[in-house]
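Using the sequences and the accompanying hints, generate a full structural model.
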Amino acid sequence: MNALRAFDAVARRGSILKAAEELGVVRGAVRQQLTVLETFFGIVLFRRDGRRLILTEKGRAFADSVGIAFGILARASAELAADERRVLRLGVPSAFAVWWLMPRVADLQAALPDIDVDIIPMAMVEPLARHPDLDAVIMGGEYRPASDITAIRFMEDEFGPVATPDLSARLALATGVEVLAGAVALTSRSAPRLWDDWFAESGHAPIRFARMREFEDLLLAIAAARAGVGIAIVPRTAVRDDIDRGTLVAPFGFIRRPAGYSLCIRSGDAKKAAFVRLADWLLGAGAGPIPPTVR
758 MNALRAFDAV ARRGSILKAA EELGVVRGAV RQQLTVLETF FGIVLFRRDG RRLILTEKGR
818 AFADSVGIAF GILARASAEL AADERRVLRL GVPSAFAVWW LMPRVADLQA ALPDIDVDII
878 PMAMVEPLAR HPDLDAVIMG GEYRPASDIT AIRFMEDEFG PVATPDLSAR LALATGVEVL
938 AGAVALTSRS APRLWDDWFA ESGHAPIRFA RMREFEDLLL AIAAARAGVG IAIVPRTAVR
998 DDIDRGTLVA PFGFIRRPAG YSLCIRSGDA KKAAFVRLAD WLLGAGAGPI PPTVR
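Here this note's numbering is used: the first residue of the sequence shown is 758, the next is one more, and so on.
No lab work stands behind these hints, which were simulated from the structure alone. Where is the CB? At the ideal position from N, CA and C, for every residue including glycine. Among the hints, erroneous ones may be present.
Said to hold, decoys possible - Now the in silico label distances, taken between C-beta atoms and shown as ranges: (1) Ile811 <-> Glu973: 15 to 25 angstroms; (2) Gly939 <-> Arg983: 45 to 55 angstroms; (3) Ala938 <-> Glu973: 38 to 48 angstroms; (4) Arg983 <-> Thr792: 25 to 35 angstroms; (5) Phe798 <-> Phe956: 17 to 27 angstroms; (6) Arg808 <-> Ala786: 16 to 26 angstroms; (7) Ala931 <-> Glu795: 51 to 61 angstroms; (8) Gly939 <-> Glu973: 17 to 27 angstroms; (9) Gly1010 <-> Pro870: 36 to 46 angstroms.
Here's what the structure looks like:
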């Protein structure tokens, strides 16, 4: 069990040092446990990339299963020690939490009065299998659930490039997509493929931008677009207010993404009442109107 705990921590943190800090042990102890595990199975679980440890293909599959197992144990222990009120830890992309979920949180709590939904913002969104501490996560885009994970799509999505009216006019964006070659493209580490996806799904040939600016989170990329730093590719829901007020414009419009957003839960939890009620609320909210506070 100690070897598995060390392996799980390194797999999640990507570093022996960070895993040792999490476990409260020295680095040598973590290295020793990894050696024990690899020797026991006769399989290499990690490979080195400079100073980073990268999971091998077999190591990644094993890490997903170990994470699920530890998550089951953690949740069972929490339920055993808890009172009758249920706490559900929901991982949510931080930008999505701000622009979509939080304006609806009062309605969510009213619909689930006996459940405390603890919203955990995630700057870097990762699959549920890598987060045994969470009960569920919301994933966007072309997410393909792993084994033992059930994904329930609750809302479609639209996305497209946005810029300030002044920047759009200066670059003459209304004349065609090709003028993007003179623009600064804003991207985020939390959604790094949005530009690639937009070119592919809109049918336009990819453009080589004059410059790329990368931000840690999509919220920061949107803020940079509002400041006129460049052009960001964003979900329509995130900038509905800005479009209505004229703070931002969408010179090429928005295109629909059927993949949308999904609630991802462990398959063993799929029929539990708390998760069924959460999924039902998300399905209703995803199909419903935009609350007045975010119009």
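Outcome for the supplied range 45 to 55 angstroms, where the beta carbon pair is Gly939 and Arg983: Since Gly939 and Arg983 have Cβ atoms about 20 angstroms apart, the given range 45 to 55 angstroms is violated.
Cβ separation of Arg808 and Ala786, checked against the hinted range 16 to 26 angstroms: holds (19 angstroms)
Ala931 versus Glu795 beta-carbon gap, inside 51 to 61 angstroms or not: Since Ala931 and Glu795 have Cβ atoms about 59 angstroms apart, the given range 51 to 61 angstroms holds.
Supplied distance hint 15 to 25 angstroms, evaluated on CB atoms of Ile811 and Glu973: holds (21 angstroms)
Cβ distance range 17 to 27 angstroms for Phe798 and Phe956, holds or violated: Violated, since Phe798 and Phe956 (Cβ atoms, about 43 angstroms apart) do not stay within the stated range.
Pairwise beta carbon distance, Gly939 to Glu973, judged against the given window 17 to 27 angstroms: The hint (17 to 27 angstroms, Cβ to Cβ) holds, given that Gly939 and Glu973 are roughly 26 angstroms apart.
Status of the given 36 to 46 angstroms range, CB of Pro870 versus CB of Gly1010: holds (41 angstroms)
Thr792 and Arg983 - C-beta distance against the hinted 25 to 35 angstroms: For Thr792 against Arg983, whose Cβ atoms are near 51 angstroms apart, the range 25 to 35 angstroms is violated.
Outcome of range test on Cβ distance (Ala938, Glu973; 38 to 48 angstroms): violated (26 angstroms)
In the structure shown, a violation is registered for the earlier hints numbered 2, 3, 4 and 5, in ascending order.
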